[in-house]
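J.: Take a look at the letters that make up each chain.
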Amino acid sequence: MSDLSSDALVENELANTLGAEGCDYRKPVIELLEVEKHYQMGSVLVKALRGIDLKIFRGDYISILGPSGGGKSTMLNILGCLDQPTIGTYLLNGTDVSNLSDDALSLVRGKELGFIFQSYNLIQQLSVVENIEVPLFYQGISEKESRETAIELAIKVGLDKRLDHRPTELSGGQQQRVAIARALANDPAVILADEATGNLDSKSGGDILEIFDQLNSDGKTLVMITHDEGMAERTHRVIRLKDGGIAFDSRTEN
Amino acid sequence: MTFLTFLRGISLFRLKRSIVLGVKSLWMHKLRSLLTALGIVFGVASVIAMLAIGEGASFEAQQQIKELGSQNIILESVKPTNTTTAGEQERSLILEYGLTYQDITQIQATVPGVQVTVPSRRVKDFLWNVSQSVDGTAFGTVPWFPKMKNRDVVRGRFFTEIEMKDCSPVCVLTESLARNLFPLNEPIGQTVRMQTSYFRVVGLIEDDPVVAATESELEGSAESSEGMEMIIPITTLEDHFGEVLVKYRSGSFEAEKVEYHEVTARIDDADDVMPAALAIQHILERNHEDLDYKMTVPLDLLRRAERTKQIFNIVLGSIAAISLLVGGIGIMNIMLATVTERTREIGIRRALGAKRKDIVMQFLIETVILSGAGGLLGVGVGLAIPLAVTHFANMVTIIQFWAPTLAFTISVAIGVLFGIYPAFRAAGMNPVEALRHE
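Keeping their order, the protein sequence lines are chains A and B.
Numbering of the first sequence is given in this note's numbering, commencing with residue 1 and proceeding in unit increments.
Numbering of the second sequence is given in this note's numbering, commencing with residue 1 and proceeding in unit increments.
In case anyone wonders, no lab produced these hints; they're calculated from the structure.
A few of these clues could be false.
[As the list claims (entries may be wrong)] Think about it this way: if two alpha-carbon atoms lie no more than 30 Å apart in a straight line, the pair counts; the simulated DSBU-like pairs of lysine-lysine are: (1) B/124 - A/111; (2) A/156 - B/24; (3) B/124 - B/149; (4) B/257 - B/309; (5) B/147 - B/66; (6) A/144 - A/203; (7) A/47 - A/203; (8) B/79 - B/66; (9) B/294 - B/66; (10) A/156 - B/16; (11) B/16 - B/124; (12) A/55 - A/242; (13) B/30 - A/161; (14) A/111 - B/24; (15) A/161 - B/309; (16) B/79 - A/161; (17) A/27 - A/111; (18) A/161 - A/144; (19) B/294 - B/309; (20) B/147 - B/294; (21) B/66 - A/144; (22) B/149 - A/144; (23) B/257 - B/149; (24) B/147 - B/165; (25) B/309 - B/16.
Please read these numbers as outputs of a predicted model, since none were measured by experiment.
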């Protein structure tokens with residue numbers, strides 16, 4: 001009992017000292033408890049993640065770094081509810097999602113998570129607005145409402161003149177902005193970005209990062225998978241993975 | 001996930017959006033979609049066209065048979081081709097064959113249900129109106145001939161029983177004969193000559209529909225003597241031309257003795273037609289050594305025509321089923337390729353919150369749109385073909401209202417049937433792997 005209350009005290013203290021960054025330590029959005037992910041590769045059992053304990057708080061701005069094979073992709077898949085942990089518990093917004101059915105997991109993905117990929121992953125046959133509407137459609141939002149939301153988001157990321165363009169008619173930076181707008185559509189708890197600037201030149205990459213900064217200062221929780229140290233410097237917390245475990249987890253002062 | 005739980009998850013709003021999306025995706029690959037649907041187009045079109053043509057042909061055949069009268073049994077005299085008694089006949093110089101008085105009296109006396117018989121005899125020679133002549137036939141028969149043969153008297157009247165009793169020299173002309181013999185003036189009241197006998201025209205009767213049908217196919221055969229008939233009482237025919245018919249044609253001499261050229265027996269009840277036909281067959285077999293007669297039973301023909309139609313329909317159905325099956329396999333093949341090609345899109349959609357059943361629905365709807373559009377196009381083509389056939393080949397075609405409906409329904413059903421497997425394959429993909437797919 002006394003341990004718990006002292007924990008609470010520490011967290012309170014942290015909240016008071018670090019609250020200026022817009023990060024609320026009383027509300028973990030993501031909690032990974034003893035999470036492990038194993039793969040069977042032929043006759044070898046590969047432990048992609050081992051014993052991960054991680055708390056991500058509301059308003060956090062995190063970059064996850066690490067060498068290839070260090071477990072970054074697996075981490076993203078687990079955090080993104082695209083895959084489920086072999087062992088351990090994953091609490092997303094207070095709900096245990098580690099044993100949900102496929103349908104329920106799909107719903108959680110659409111509602112609580114926003115994805116931004118390295119290769120944008122827009123649907124080619126749909127226009128800018130229609131692409132932004134996709135997550136809204138799967139949540140059963142009415143046509144009118146989803147159209148309004150999509151247009152609003154497109155304007156927010158600066159694509160107000162390209163609402164009816166196809167992805168092929170847009171530059172890489174513009175496509176990534178569509179992806180950001182799409183990730184924001186359902187007002188998710190966490191935005192996951194996987195090498196979001198990897199395919200962009202430094203100018204448009206910088207623009208995208210500025211949008212991320214802006215989103216975080218608006219209170220959004222962002223988790224970026226990256227190998228770009230420069231990008232990591234912009235975030236408030238850096239996690240380094242090595243051999244499936246967390247090797248380093250620190251807050252940086254901006 | 002079972003199919004039923006999937007169906008329960010469909011809401012109308014999503015259905016509408018999914019249809020729009022499906023059309024968009026198919027529109028992206030217009031040529032491919034068109035080629036894929038082509039199998040169904042041809043399948044459906046051929047079903048409708050073949051049904052219409054088959055239905056029209058059998059309707060025409062049945063119509064002709066019905067003209068003969070379904071309660072009738074028609075007996076005809078046929079000149080035997082190689083007779084066993086040829087030697088005797090050469091000696092007597094008169095070829096004697098065909099139906100006899102004795103046959104008919106026996107049939108009337110012994111076969112139950114025979115109500116009326118229409119005997120007829122023919123004499124072929126030139127028919128004259130003053131100096132105008134037509135190669136035709138004097139056709140001797142009885143007053144109830146028009147009723148039995150379903151032929152209308154178009155003008156004037158038919159001859160009466162009294163006129164038959166009195167062997168009156170009156171005649172009724174077929175319309176085509178009247179047209180040829182009296183091209184300018186009113187035929188009724190005029191006189192027609194054959195050999196040395198004169199006959200007064202009392203009425204006109206419509207042409208034999210069977211002859212008329214064959215006539216129209218050989219267009220403009222004005223020289224044909226078929227259907228050029230002067231119908232007179234059978235007693236008058238006997239009176240004027242005797243029992244032995246002598247012909248002098250192109251220098252050769254030919255004498256025949258035929259008592260009846262044709263006899264039509266009407267049976268009271270349609271159910272008795274087949275047994276009566278059997279009984280008549282027995283009588284004729286006993287009376288005739290040679291096969292110098294021919295029996296036609298329209299009802300039997302009708303039944304055979306119906307059976308032929310049934311077989312035709314089965315063959316047609318199998319061909320249609322096979323062609324639609326091939327079309328369906330074509331669609332499935334393309335959909336499987338599409339699913340593989342769009343693996344990434346499936347991954348994206350799954351990441352953005354699509355459930356498995358959403359993916360199933362998306363691809364299933366796409367397949368159904370493809371096959372349904374093909375079906376619709378096929379219905380259009382299938383309706384056009386019979387019109388063209390009627391227009392160019394002058395054939396009767398009948399489109400039954402259920403044929404296009406059925407064909408379209410089947411095309412949609414094929415979409416569902418052949419779309420299920422690709423759709424479930426798409427939905428079964430692992431989102432992580434699908435996203436990684438290049």
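J.: Tell me, which hint numbers fail for this structure?
T.: 1, 4, 6, 7, 11, 15, 16, 21, 22 and 25
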